[in-house]
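Asks: Read off the chains here:
There are 2 protein chains.
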Amino acid sequence: MAHASLVEVLKGKFSVGSEVVVKGWVRTRRDSKAGISFIALHDGSCFDTLQAVVPNNLDNYENEVLKLTTGCSVAITGEVVESPAKGQDFELNATAVEVMGWVEDPDTYPMAAKRHTIEYLREHAHLRPRTNVMGAVTRVRSCLSQAIHRFFHEQGYNWIATPIITASDCEGAGEMFRVSTLDMENLPRTDKGTVDYDKDFFGKEAFLTVSGQLNAETYACAMSKVYTFGPTFRAENSNTSRHLAEFWMVEPEVAFADLDDAAKLAEDMLKYVFKAVLAERADDLAFFDQRISKGTIERLQKLADADFVQIDYTDAIEILEKCGKKFEYPVSWGIDMSSEHERYLAEEHFDAPVIVKNYPKDIKAFYMRLNDDGKTVAAMDVLAPGIGEIIGGAQREERLDVLDARIAEMEDQDPADYSWYRDLRRYGTVPHAGFGLGFERLVAYVTGMGNVRDVIAFPRSPRNAEY
Amino acid sequence: MAHASLVEVLKGKFSVGSEVVVKGWVRTRRDSKAGISFIALHDGSCFDTLQAVVPNNLDNYENEVLKLTTGCSVAITGEVVESPAKGQDFELNATAVEVMGWVEDPDTYPMAAKRHTIEYLREHAHLRPRTNVMGAVTRVRSCLSQAIHRFFHEQGYNWIATPIITASDCEGAGEMFRVSTLDMENLPRTDKGTVDYDKDFFGKEAFLTVSGQLNAETYACAMSKVYTFGPTFRAENSNTSRHLAEFWMVEPEVAFADLDDAAKLAEDMLKYVFKAVLAERADDLAFFDQRISKGTIERLQKLADADFVQIDYTDAIEILEKCGKKFEYPVSWGIDMSSEHERYLAEEHFDAPVIVKNYPKDIKAFYMRLNDDGKTVAAMDVLAPGIGEIIGGAQREERLDVLDARIAEMEDQDPADYSWYRDLRRYGTVPHAGFGLGFERLVAYVTGMGNVRDVIAFPRSPRNAEY
Numbered sequence: 001m002a003h004a005s006l007v008e009v010l011k012g013k014f015s016v017g018s019e020v021v022v023k024g025w026v027r028t029r030r031d032s033k034a035g036i037s038f039i040a041l042h043d044g045s046c047f048d049t050l051q052a053v054v055p056n057n058l059d060n061y062e063n064e065v066l067k068l069t070t071g072c073s074v075a076i077t078g079e080v081v082e083s084p085a086k087g088q089d090f091e092l093n094a095t096a097v098e099v100m101g102w103v104e105d106p107d108t109y110p111m112a113a114k115r116h117t118i119e120y121l122r123e124h125a126h127l128r129p130r131t132n133v134m135g136a137v138t139r140v141r142s143c144l145s146q147a148i149h150r151f152f153h154e155q156g157y158n159w160i161a162t163p164i165i166t167a168s169d170c171e172g173a174g175e176m177f178r179v180s181t182l183d184m185e186n187l188p189r190t191d192k193g194t195v196d197y198d199k200d201f202f203g204k205e206a207f208l209t210v211s212g213q214l215n216a217e218t219y220a221c222a223m224s225k226v227y228t229f230g231p232t233f234r235a236e237n238s239n240t241s242r243h244l245a246e247f248w249m250v251e252p253e254v255a256f257a258d259l260d261d262a263a264k265l266a267e268d269m270l271k272y273v274f275k276a277v278l279a280e281r282a283d284d285l286a287f288f289d290q291r292i293s294k295g296t297i298e299r300l301q302k303l304a305d306a307d308f309v310q311i312d313y314t315d316a317i318e319i320l321e322k323c324g325k326k327f328e329y330p331v332s333w334g335i336d337m338s339s340e341h342e343r344y345l346a347e348e349h350f351d352a353p354v355i356v357k358n359y360p361k362d363i364k365a366f367y368m369r370l371n372d373d374g375k376t377v378a379a380m381d382v383l384a385p386g387i388g389e390i391i392g393g394a395q396r397e398e399r400l401d402v403l404d405a406r407i408a409e410m411e412d413q414d415p416a417d418y419s420w421y422r423d424l425r426r427y428g429t430v431p432h433a434g435f436g437l438g439f440e441r442l443v444a445y446v447t448g449m450g451n452v453r454d455v456i457a458f459p460r461s462p463r464n465a466e467y
Numbered sequence: 001m002a003h004a005s006l007v008e009v010l011k012g013k014f015s016v017g018s019e020v021v022v023k024g025w026v027r028t029r030r031d032s033k034a035g036i037s038f039i040a041l042h043d044g045s046c047f048d049t050l051q052a053v054v055p056n057n058l059d060n061y062e063n064e065v066l067k068l069t070t071g072c073s074v075a076i077t078g079e080v081v082e083s084p085a086k087g088q089d090f091e092l093n094a095t096a097v098e099v100m101g102w103v104e105d106p107d108t109y110p111m112a113a114k115r116h117t118i119e120y121l122r123e124h125a126h127l128r129p130r131t132n133v134m135g136a137v138t139r140v141r142s143c144l145s146q147a148i149h150r151f152f153h154e155q156g157y158n159w160i161a162t163p164i165i166t167a168s169d170c171e172g173a174g175e176m177f178r179v180s181t182l183d184m185e186n187l188p189r190t191d192k193g194t195v196d197y198d199k200d201f202f203g204k205e206a207f208l209t210v211s212g213q214l215n216a217e218t219y220a221c222a223m224s225k226v227y228t229f230g231p232t233f234r235a236e237n238s239n240t241s242r243h244l245a246e247f248w249m250v251e252p253e254v255a256f257a258d259l260d261d262a263a264k265l266a267e268d269m270l271k272y273v274f275k276a277v278l279a280e281r282a283d284d285l286a287f288f289d290q291r292i293s294k295g296t297i298e299r300l301q302k303l304a305d306a307d308f309v310q311i312d313y314t315d316a317i318e319i320l321e322k323c324g325k326k327f328e329y330p331v332s333w334g335i336d337m338s339s340e341h342e343r344y345l346a347e348e349h350f351d352a353p354v355i356v357k358n359y360p361k362d363i364k365a366f367y368m369r370l371n372d373d374g375k376t377v378a379a380m381d382v383l384a385p386g387i388g389e390i391i392g393g394a395q396r397e398e399r400l401d402v403l404d405a406r407i408a409e410m411e412d413q414d415p416a417d418y419s420w421y422r423d424l425r426r427y428g429t430v431p432h433a434g435f436g437l438g439f440e441r442l443v444a445y446v447t448g449m450g451n452v453r454d455v456i457a458f459p460r461s462p463r464n465a466e467y
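Residue numbers (the UniProt record's numbering), protein chains in the order written: chain G, 1 to 467; chain B, 1 to 467.
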């Protein structure tokens, strides 16, 4: 008999009367006085458990079924029947229960069927996917990643693997992780007594990437439409709900595109993935809506249908200055907006996603295209109600002379390090633009989970790289 | 007027007589004596170039069009017409040519339209996607990655991001890259004088992952069907055509599955992606077939239709011993087969993909399930004609006592390091299995490219982490 996943049984893939075998883990067992046990089984294929009704005439009823506890793994054979219970269409009349794995000492099982704090779950990252909440996060996260790949594929983009390890020093190595194979207890030294990186694996200093953008640009300037979706790293000592030392980033890069094209692409992509998760993961979203963050579904639906507001940074600053609200950080032209400012714009003033464009050049990266006013660059941030900045992007500087002037303005940077990046402007340069989406921030936003550490399987942060 | 991609024009999306604007890079320019120029344009959207016929009555014909060289970027407006030329259905009668970017000194342009060696292209990794061959590799690679995601998604798998940085020492750190933020010139020391990793970012030694498998197992033992698709690392000092220091790996992990299930999954997945690339990238495959590796298409078609042979390691050894062929490395039960043995089986003996199963336990990892004979484990390798091993997998040891005995047999391993891995066997253990596919080997195999360094954008190898 074929092994059926729970979602197949619950969605009615098997007609009433069919015999199936399901396999999964016991979430709860309840025994009636009439000598029947009800087992709620989960296998990860959907949010809901399947109820198996186990009669007491099974050979192993007394010895095994009555000893089943949360977390035990079982294979249950039975007949699919219509369920008299509310909230489920089908259940299983069990004809055999095979125990595959017991739980060693149920009293100390870390994932026992009771309420655990989210911090406790984080400390048991290898077992937390067995819980309702982390199962739902896992399915939603996977759904979002699939939707992102599908969106770009349908639009003719090529997925590019930009390098994880890089000896390129293009954005400054201040907050990067070093990658090395040198013997730390016996570091090789140069004649001058400094560490001899020529002896290291790559023959020079190497680090983990902070962004694939500059590399993606080289491919956009050949393939026209590309995107990356891979891990990036920050060695920042920040213990916040929005930061991870290791996180996944989506970075499309488009040739023959300007800032408005990038803004439209960001809006189209977000709406596409919101619609996908609403259509495909209604079960998990209902849970998040009820138990994690009220209004989650309505919020996503609203964003999927909304027209994103577009506004210039200069106008946004004026709104903030005139709004009469007392901010912790004062507002004036030239500031790097803080979260309170961004959220005021998206949540209170516009009550809609907002794309802020054309930021002061002094607070943005050297590669962003200088506007004709000479003081702003063609940068954008997408601000979403409830989270603030979720996407940052820009049109890139495609004019060699302007780019060189920007590089020269930076401290501690050797223009020679940028030779390959400059080549894109020396040989058939084209206007191009792109953006970066922090994938964990998207998942946190969609699920309403308050901390990015709870939307990635094994979060990495200061003093935490277990598993 | 909307910007049309070349593939749209070439595939007939625009009816004859439509006016479109196309944007891309000049591959070649040819001038006729009649005062007409022919520009072959590429934009990465497909293998073929689009021919634009440029009349000499354009204002900038003399001053600009006649100066266009390979690599220049242009926007060409024109009318779609049927092409009289062979090999293309449509071309463009240009009414305007706007030059966006010149090539600085065409004589020294590194990607000039002539034959370059593959090694030369590798040294110009930022410009090589502009060539026919690397454009084709990029599209095929992206097609394969999309097909892999689609295959697993359609089958109900959840994509998991297993960690890149890990302090877990489960497989021995011999060939791993260290990740650190310690000041190398002033390493902190413990009282004993050794490096004080408590001061490092993660509070202990941390490395780049060599496999997400053990982490994926934790999710399979909750979600049933999961897969990873992410970068993995080897700090091996090997300069071969099959090794990269940084490469992408696909690792499905399935609960309630045994070795035969894993073998079937591997066969189903490979056939699915071969069919996808045959259907979606016929243009690029035709190029590989003609110019890189004769017979590429026939080989892929044959694999997509073939029944994979399954054979026990013990029987495979017997075939090799009796075949009468002289091998460089002698054959006897217990050896780790070398490439010559694997290729003999797949290419000469069976002339089909071969899945070898049940290897001697002493040459396989501790986590592979011990067979009843006590001397083999439920491991498998998938061998493909023309490349040898392309997938390695196993049923995992789900019995705690057997696993513990295997861990105890290993040298230099502290069972305490495996506590979270052992938990999966203490709490509701289930049979489970999975495999790993080296993605670059798959791309190299499909394209016929001889070296994995030419199927990833920016290859990393000893002394090479540029860009």
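It should be emphasised that the hints constitute simulated quantities derived from the structure, not laboratory data. For each residue, glycine too, the CB sits at the ideal point set by N, CA and C. Don't take every hint at face value.
Calculated cross-link-like contacts (lysine-lysine; reagent style DSBU-like; alpha-carbon spacing at most 30 Å) [unchecked claim]: (1) Lys192/B - Lys192/G; (2) Lys302/B - Lys325/B; (3) Lys192/G - Lys302/B.
Covered by chain G, per the in silico footprint, the following chain B stretches (three or more residues, Cβ under 8 Å) [claimed, not checked]: (4) 206-219; (5) 283-291; (6) 313-327; (7) 331-337; (8) 382-391.
Beta-carbon label-pair distances, calculated as ranges [to be verified]: (9) Lys204/G - Asp412/B: 27 to 33 Å; (10) Lys264/B - Asn56/G: 33 to 39 Å; (11) Asn239/B - Arg463/G: 55 to 61 Å; (12) Leu278/B - Asp305/G: 14 to 20 Å; (13) Leu58/B - Asp305/G: 53 to 59 Å.
Asks: For the segment 313-327 of chain B, do three or more residues have a beta carbon lying closer than 8 Å to a beta carbon of chain G?
Replies: violated (count 0)
Asks: Could you check the hint for me, namely that leucine 278/B and aspartate 305/G are 14 to 20 Å apart, CB to CB?
Replies: 39 Å, violated
Asks: Check whether the Cα positions of lysine 302/B and lysine 325/B lie no farther apart than 30 Å.
Replies: 26 Å, holds
Asks: Would you say the segment 331-337 of chain B counts as covered by chain G, given the rule of at least 3 residues with C-beta under 8 Å?
Replies: Per the Cβ count (0), the hint is violated.
Asks: Between the segment 283-291 of chain B and chain G, see if three or more residues pass the 8 Å beta-carbon test, and mark the coverage as holds or violated.
Replies: Coverage by chain G is violated for the segment 283-291 of chain B (0 residues, Cβ < 8 Å).
Asks: If I claimed the Cβ atoms of leucine 58/B and aspartate 305/G lie 53 to 59 Å apart, would that claim hold in this structure?
Replies: At roughly 46 Å between Cβ atoms, aspartate 305/G and leucine 58/B fall outside 53 to 59 Å, so the hint is violated.
Asks: When you take the CB atoms of lysine 264/B and asparagine 56/G, is the distance between them in 33 to 39 Å?
Replies: Taking Cβ atoms as reference, lysine 264/B and asparagine 56/G lie about 38 Å apart, which means the hint holds.
Asks: Does the hinted range 55 to 61 Å hold for asparagine 239/B and arginine 463/G at CB?
Replies: 37 Å, violated
Asks: Regarding the pair lysine 192/B and lysine 192/G, is the alpha-carbon distance no greater than 30 Å?
Replies: The hint holds at about 27 Å.
Asks: Hinted pair, alpha-carbon criterion (30 Å max): lysine 192/G, lysine 302/B. Please report holds or violated.
Replies: At roughly 61 Å apart (the allowed maximum being 30 Å), lysine 302/B and lysine 192/G break the hint.
Asks: With a Cβ-Cβ cutoff of 8 Å, does the segment 382-391 of chain B contain at least three residues near chain G?
Replies: violated (count 0)
Asks: Should the hint that lysine 204/G and aspartate 412/B are 27 to 33 Å apart at their CB atoms be regarded as holding?
Replies: At roughly 31 Å between Cβ atoms, aspartate 412/B and lysine 204/G fall inside 27 to 33 Å, so the hint holds.
Going down the numbered hints, you'll see the structure goes against 3, 5, 6, 7, 8, 11, 12 and 13, while the others check out.
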